[in-house]
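We have chain A; now place chain B onto it with these hints.
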Amino acid sequence: AQSVTQLDSQVPVFEEAPVELRCNYSSSVSVYLFWYVQYPNQGLQLLLKYLSGSTLVKGINGFEAEFNKSQTSFHLRKPSVHISDTAEYFCAVSGVTSGSRLTFGEGTQLTVNP
Amino acid sequence: DTGVSQNPRHKITKRGQNVTFRCDPISEHNRLYWYRQTLGQGPEFLTYFQNEAQLEKSRLLSDRFSAERPKGSFSTLEIQRTEQGDSAMYLCASSQQTGAGDIQYFGAGTRLSVL
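Going line by line, the protein sequences match chains A and B. Going by the numbering used here, the first residue of the first sequence is number 1023, and it counts up by one from there. Going by the numbering used here, the first residue of the second sequence is number 276, and it counts up by one from there.
In short, the hints are calculated from the structure, not lab data. Watch out, some of these pointers could steer you wrong.
[Claimed, not checked] Here are the computed distance ranges between Cβ atoms for each label pair:
#  : chain 1 : residue 1 : chain 2 : residue 2 : range
1  : A       : LYS1091   : B       : GLU343    : 23 to 31 Å
2  : A       : ALA1023   : B       : GLY315    : 20 to 28 Å
3  : B       : GLY278    : A       : GLU1128   : 22 to 30 Å
4  : B       : SER348    : A       : LEU1073   : 21 to 29 Å
5  : B       : GLU327    : A       : LEU1068   : 22 to 30 Å
6  : B       : ASN293    : A       : LYS1091   : 44 to 52 Å
7  : A       : LYS1080   : B       : PRO345    : 36 to 44 Å
8  : A       : GLN1131   : B       : ALA375    : 29 to 37 Å
9  : A       : SER1102   : B       : GLN329    : 42 to 50 Å
10 : B       : PRO283    : A       : HIS1104   : 40 to 48 Å
11 : B       : LEU335    : A       : SER1031   : 21 to 29 Å
12 : A       : THR1133   : B       : HIS285    : 19 to 27 Å
Ideal Cβ placement from N, Cα and C applies to all residues, glycine included.
So here's chain A without its partners, still in its complex pose (with noise of 0.2 Å):
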């Protein structure tokens, strides 16, 4: 079984300043990991994802996540945030053998003020 603690519920920034979501997981198995955002009343959209080789993996509107697997986390981070970012994110996992079922943490609220 997989679990996942996204470590701030809410992260407040001001527009074009970096910002960084944490994202630790607990697995007895090899994971991939994924990042989603889910903007108001719409579904959850893939911002990257990491499979294997490079751990240093690069998504869509300038996100970036790194894996750390001595630290079983896979933090989120983006160099300078638009207003449009304002949204709420989800750290996921699946188990390499258990199938692709993911299991999510609780969800990061970023707000990006001008």
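Okay, now just chain B, sitting in the frame of chain A:
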């Protein structure tokens, strides 16, 4: 590719009534998932299908819940004798089996309110 479609978008029902939701996946995707999301929480896995076979069910899926995917295309999720605790957003996702971290594409969800 029109994305994953869910209907209805909103459903209000009285406690004890039965409700049914529909999900139309991306046409070439052979896997279909149902998740439930309550306010302030991340989505929780309910069940998934590969083609028409239901391969996994969560313990969250009580006997009042049933899901089908009769021809391996669209899926329905039925909740019988609804309870107030069933109020949530029900999300459907689909993916194409790749053998390594399928990417799941989500619909906009069906928001259920049980009065």
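Now the hints, each set against the structure:
no.: 1; hint: LYS1091/A <-> GLU343/B: 23 to 31 Å; verdict: 40 Å, violated
no.: 2; hint: ALA1023/A <-> GLY315/B: 20 to 28 Å; verdict: 22 Å, holds
no.: 3; hint: GLY278/B <-> GLU1128/A: 22 to 30 Å; verdict: 26 Å, holds
no.: 4; hint: SER348/B <-> LEU1073/A: 21 to 29 Å; verdict: 28 Å, holds
no.: 5; hint: GLU327/B <-> LEU1068/A: 22 to 30 Å; verdict: 26 Å, holds
no.: 6; hint: ASN293/B <-> LYS1091/A: 44 to 52 Å; verdict: 47 Å, holds
no.: 7; hint: LYS1080/A <-> PRO345/B: 36 to 44 Å; verdict: 40 Å, holds
no.: 8; hint: GLN1131/A <-> ALA375/B: 29 to 37 Å; verdict: 31 Å, holds
no.: 9; hint: SER1102/A <-> GLN329/B: 42 to 50 Å; verdict: 45 Å, holds
no.: 10; hint: PRO283/B <-> HIS1104/A: 40 to 48 Å; verdict: 33 Å, violated
no.: 11; hint: LEU335/B <-> SER1031/A: 21 to 29 Å; verdict: 22 Å, holds
no.: 12; hint: THR1133/A <-> HIS285/B: 19 to 27 Å; verdict: 25 Å, holds
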